[in-house]
Amino acid sequence: MPVEKTEKPGEYPFTGGIHPKMYDVKNGGRLWTMRQFAGFGTARQTNRRFKKLLAHGQTGLSTAFDMPTLLGFDSDNPIAEADVGMGGVAVDTIKDVQNLYSGIDLRPPLSTSMTINGPAIVLLAMYFEVCRKRGYNLAEIRGTIQNDPLKEFIAQKEWIVPPKPSIKLLVDTIEYCVKYAPKWNPISISGYHIREAGASPTQEIAFTLADEISYIEACLERGMAIDDFAPKLSFFYDFYFDFEDDFWKEVAKLRTARRLRARIMRERFKARNPDSWKLRTHVQTAGRTLTEEEPLNNIIRTALQAFGAVLGGCQSLHTNSYDEQISLPSEEAAKVALRTQQIIAYETGITKYPDFLAGSYELENLTDKLEAESWKLIQNIDTMGGMVSAVERGWPQAQIEEYEFSYRKKVESGEIKIVGQNFLFDEPAPDPKFSVSERAQDDQIKFLKKVKKNRSRRNVEKSLNHLKRTLEEDKNVMPEVCEAIKALTTLEEICNIFKDFYGIYSEEA
Amino acid sequence: MRILLAKGGLDGHPRGLKILARFLRDAGFEVIYLGMYQPAEMIASAAIQEDPDIIGVSMHSGGHKKVFRKLMKMLADAKCDSAVVAGGIIPRRDYKLLKRLGVRLIFCPRDSMQGKIIPALQELASENKNKDLPKIFSNFSSPAAYCHVIGFTGSGGVGKSSIISALLKHVYSERRVAAIFVDPVAISGGAVLGDRVRAHRPENFKIVTSPNVFMKSLAAKEVWKGVTPETPAVIDAVSNAGFEIIFVETVGAPQYDLGFKDVVDTMVYVITPASGDEIQISKGGAIETADIIVLNKSDQPRSEQFLAVLKKNFPGKPVISTGASLWKNNGIPELWKTIESLKQKPL
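Going line by line, the protein sequences match chains S and F.
Just so it is clear: in the first sequence, position 214 is 214 by my numbering, and no numbers are missing.
Just so it is clear: in the second sequence, position 203 is 203 by my numbering, and no numbers are missing.
In case anyone wonders, no lab produced these hints; they're calculated from the structure.
Please note that a few of the clues may not be correct.
[What the hints assert, rightly or not] Distance condition first, Cα-Cα at most 25 Å in a straight line; then the derived SDA-like pairs of lysine to any residue:
| # | chain 1 | residue 1 | chain 2 | residue 2 |
| --- | --- | --- | --- | --- |
| 1 | F | Lys169 | F | Ile292 |
| 2 | F | Lys66 | S | Ile445 |
| 3 | S | Lys157 | F | Gly16 |
| 4 | F | Lys99 | S | Lys499 |
| 5 | F | Lys96 | S | Pro428 |
| 6 | F | Lys65 | S | Phe434 |
| 7 | S | Lys164 | F | Gln300 |
| 8 | F | Lys261 | F | Val223 |
| 9 | S | Lys499 | F | Lys206 |
| 10 | S | Lys417 | F | Asp111 |
| 11 | S | Lys417 | F | Ala76 |
| 12 | F | Lys345 | F | Asn313 |
| 13 | S | Lys452 | F | Tyr146 |
| 14 | F | Lys66 | S | Pro432 |
| 15 | F | Lys96 | S | Glu427 |
| 16 | S | Lys164 | F | Pro211 |
| 17 | F | Lys169 | S | Asp382 |
| 18 | S | Lys183 | S | Leu54 |
| 19 | F | Lys66 | F | Ile89 |
| 20 | F | Lys65 | S | Glu331 |
| 21 | S | Lys409 | F | Pro109 |
| 22 | S | Lys369 | S | Gly349 |
| 23 | S | Lys164 | F | Ile320 |
| 24 | S | Lys417 | F | Val223 |
| 25 | F | Lys66 | S | Asp382 |
| 26 | F | Lys66 | S | Glu427 |
| 27 | S | Lys499 | F | Gly157 |
| 28 | S | Lys452 | F | Phe205 |
| 29 | F | Lys221 | F | Phe205 |
| 30 | S | Lys499 | F | Asn204 |
| 31 | S | Lys499 | F | Ser210 |
| 32 | F | Lys96 | S | Asp431 |
| 33 | S | Lys95 | S | Pro108 |
| 34 | F | Lys337 | S | Ile504 |
| 35 | S | Lys499 | F | Glu41 |
Go ahead and model the full structure; you've got the sequences and the hints to work with.
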């Protein structure tokens, strides 16, 4: 439904942004958080990268974990052999988290983000216990944990237990944060992975909001009041473009998501606190648009996408490194990526205008169109019984695959052009400048073995038995997870309790 | 032309591989899709059992050196002569190493799937050997003294392969157990054989790589009694290799399943509460010849009522509720007990 074009940023339904002044610092606005996703090898190696990024002017931390950690396996499990520390940092016990953030003041103004989902409850407990051990007041600590299970089944595929128990564990963390860490965002409802898996902008909006509806229903069922937790549900979107799903549609996408979410919160869930209506989002530039060939071109792609994210009103931004198709970001590439958003923030002057594009005929039209399409899709999911049933049936998965297949055919035929890749190419991809050494992998395994040797096996067993009992009683397990990690119980040992109790999950075809 | 596709190690990033599977199917390939999170040992197990012309491993994680070193050694030890190809992000400087290990072709993201990758794979598949069935089993031991063949039928999407993979897990530590999956083919003659993927979760590492477990995926170029004309020969071969429990899954269209009962010892019909009125339609069809009826996904709405209708319509037939995604009491132990009671292992 079309909106009065006189709507201002900071006013319901927040199409143009959630603050009246947005990034206009001189007039009471706030710049977006510059939060570069980083992590590789051991905790000590990643810690050094964090410190460098902070020294370059980054304003928030964002932690990337390796695949074994994301899937709930320890570094010494033989199946983790090829992947320890490869795509992110390896974490097995609280000792790794201590090393990861060692020498960095985790109190405000700094905020930390952790990209982890299946084992999120374990990492959250580790982070909170590190904060407690340092004597911080948990009630002041700021940060975000991704902790968004449904999009794992829809797109990212890093789950550890089936959908329903995954949501149970999520609700446990939300309940705990509301009580003990009210400034922490216990979830980042993510369209990014959905989009990177090949979804359309409409699907990205609709699936994230349908995911949120399922989470809210689960929290209400637990007995929480909407305005107690809704303000802490945060979002994460992609900024993508190709010739068809273009730059302007992406700006409109961010506006549409804000508008729709505000309506859902106010009208469907009867939230009264305006903070419950506002969609706060992190944005990442689109990794899938980067090319392996002629990697310097990726700097241009990322700069345009970052500019779009700012026009679209993000609260936090990650800009990709130009070498991310060939390796993890090298130090040089990571710095260029951060500088890209700093140039937008401090040189272009775009920050002086909250919602510069408001009133553009084309943009408002695109926004209305996306809104109507997304709303239809959300209603579709409602009639299926909500996102959990839809996911169990494989419906959103199939929708994304169809869209991606049609896109891929257009790339194959040259109808969609990728400069330097399927169009105007004249050089092969270069070799990576950066790689994780096999020595780092060995170091991590040795460290874990040492930690395991020096802990009390009895305390570990005791903590795991408590955890098991709490699962059987169907109570909030967060306190037991905190106890377990303090006994130096490993990530895999805890995740195995979840997997044994709830079962593992394979997708239906 | 038969190709196995996997992401090596604990690599995610399945977007390109999934699309490639579809293009390959449309080009007439039988694609055994293992999907992501496949350590070398799991790829090798599948390759030895499925005997494809080509094994395609895609990697984006940077862990390719470790994965290919181990995979190529395991394949050589098992005398598996499938051609191995690599894709994803493989730095140029590692091409030499991979080639030296025996990797035949390496593709990069720029390569057009239809324009370059598929023609190259077609050429590679055509040069490859003509394999006959018994050779597959040279890695396995002597014939089983006793054999129980259990068939699973029911419409597509009711969860037959999830149940089979749960049963495999339930019995493999004590019994030598095999599964034969039959999937329909597309108009092109190609097929994506995606049943095996259900068992290939990294948590199932021990099961998938156990010498007690054998899985085979067949494409139904011709449907015969719900399976394929060569299925009885495959069952014999599997039994001769010492597997005493053999699960067989039909193509999943009950109207073709008449006669399936002759192929197996025990027949299980799988249905879900969402099947609704289908029960009326299939009355007198395959469901009536079944020895056991399984109501899967029994956590879905209307499950209780549906269970009552089934029990009323098929008196005397065991009806068992299962739910692969249920938190507890997934029904698998009870199903297994019922299956076993129908053909006891001689003492």
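Hints, verified against the model:
{"no.": "1", "hint": "F:Lys169 <-> F:Ile292", "result": "20 Å, holds"}
{"no.": "2", "hint": "F:Lys66 <-> S:Ile445", "result": "16 Å, holds"}
{"no.": "3", "hint": "S:Lys157 <-> F:Gly16", "result": "15 Å, holds"}
{"no.": "4", "hint": "F:Lys99 <-> S:Lys499", "result": "39 Å, violated"}
{"no.": "5", "hint": "F:Lys96 <-> S:Pro428", "result": "16 Å, holds"}
{"no.": "6", "hint": "F:Lys65 <-> S:Phe434", "result": "15 Å, holds"}
{"no.": "7", "hint": "S:Lys164 <-> F:Gln300", "result": "12 Å, holds"}
{"no.": "8", "hint": "F:Lys261 <-> F:Val223", "result": "15 Å, holds"}
{"no.": "9", "hint": "S:Lys499 <-> F:Lys206", "result": "15 Å, holds"}
{"no.": "10", "hint": "S:Lys417 <-> F:Asp111", "result": "14 Å, holds"}
{"no.": "11", "hint": "S:Lys417 <-> F:Ala76", "result": "42 Å, violated"}
{"no.": "12", "hint": "F:Lys345 <-> F:Asn313", "result": "31 Å, violated"}
{"no.": "13", "hint": "S:Lys452 <-> F:Tyr146", "result": "46 Å, violated"}
{"no.": "14", "hint": "F:Lys66 <-> S:Pro432", "result": "17 Å, holds"}
{"no.": "15", "hint": "F:Lys96 <-> S:Glu427", "result": "19 Å, holds"}
{"no.": "16", "hint": "S:Lys164 <-> F:Pro211", "result": "34 Å, violated"}
{"no.": "17", "hint": "F:Lys169 <-> S:Asp382", "result": "35 Å, violated"}
{"no.": "18", "hint": "S:Lys183 <-> S:Leu54", "result": "22 Å, holds"}
{"no.": "19", "hint": "F:Lys66 <-> F:Ile89", "result": "15 Å, holds"}
{"no.": "20", "hint": "F:Lys65 <-> S:Glu331", "result": "23 Å, holds"}
{"no.": "21", "hint": "S:Lys409 <-> F:Pro109", "result": "14 Å, holds"}
{"no.": "22", "hint": "S:Lys369 <-> S:Gly349", "result": "30 Å, violated"}
{"no.": "23", "hint": "S:Lys164 <-> F:Ile320", "result": "22 Å, holds"}
{"no.": "24", "hint": "S:Lys417 <-> F:Val223", "result": "43 Å, violated"}
{"no.": "25", "hint": "F:Lys66 <-> S:Asp382", "result": "46 Å, violated"}
{"no.": "26", "hint": "F:Lys66 <-> S:Glu427", "result": "28 Å, violated"}
{"no.": "27", "hint": "S:Lys499 <-> F:Gly157", "result": "24 Å, holds"}
{"no.": "28", "hint": "S:Lys452 <-> F:Phe205", "result": "23 Å, holds"}
{"no.": "29", "hint": "F:Lys221 <-> F:Phe205", "result": "31 Å, violated"}
{"no.": "30", "hint": "S:Lys499 <-> F:Asn204", "result": "11 Å, holds"}
{"no.": "31", "hint": "S:Lys499 <-> F:Ser210", "result": "20 Å, holds"}
{"no.": "32", "hint": "F:Lys96 <-> S:Asp431", "result": "13 Å, holds"}
{"no.": "33", "hint": "S:Lys95 <-> S:Pro108", "result": "23 Å, holds"}
{"no.": "34", "hint": "F:Lys337 <-> S:Ile504", "result": "22 Å, holds"}
{"no.": "35", "hint": "S:Lys499 <-> F:Glu41", "result": "22 Å, holds"}
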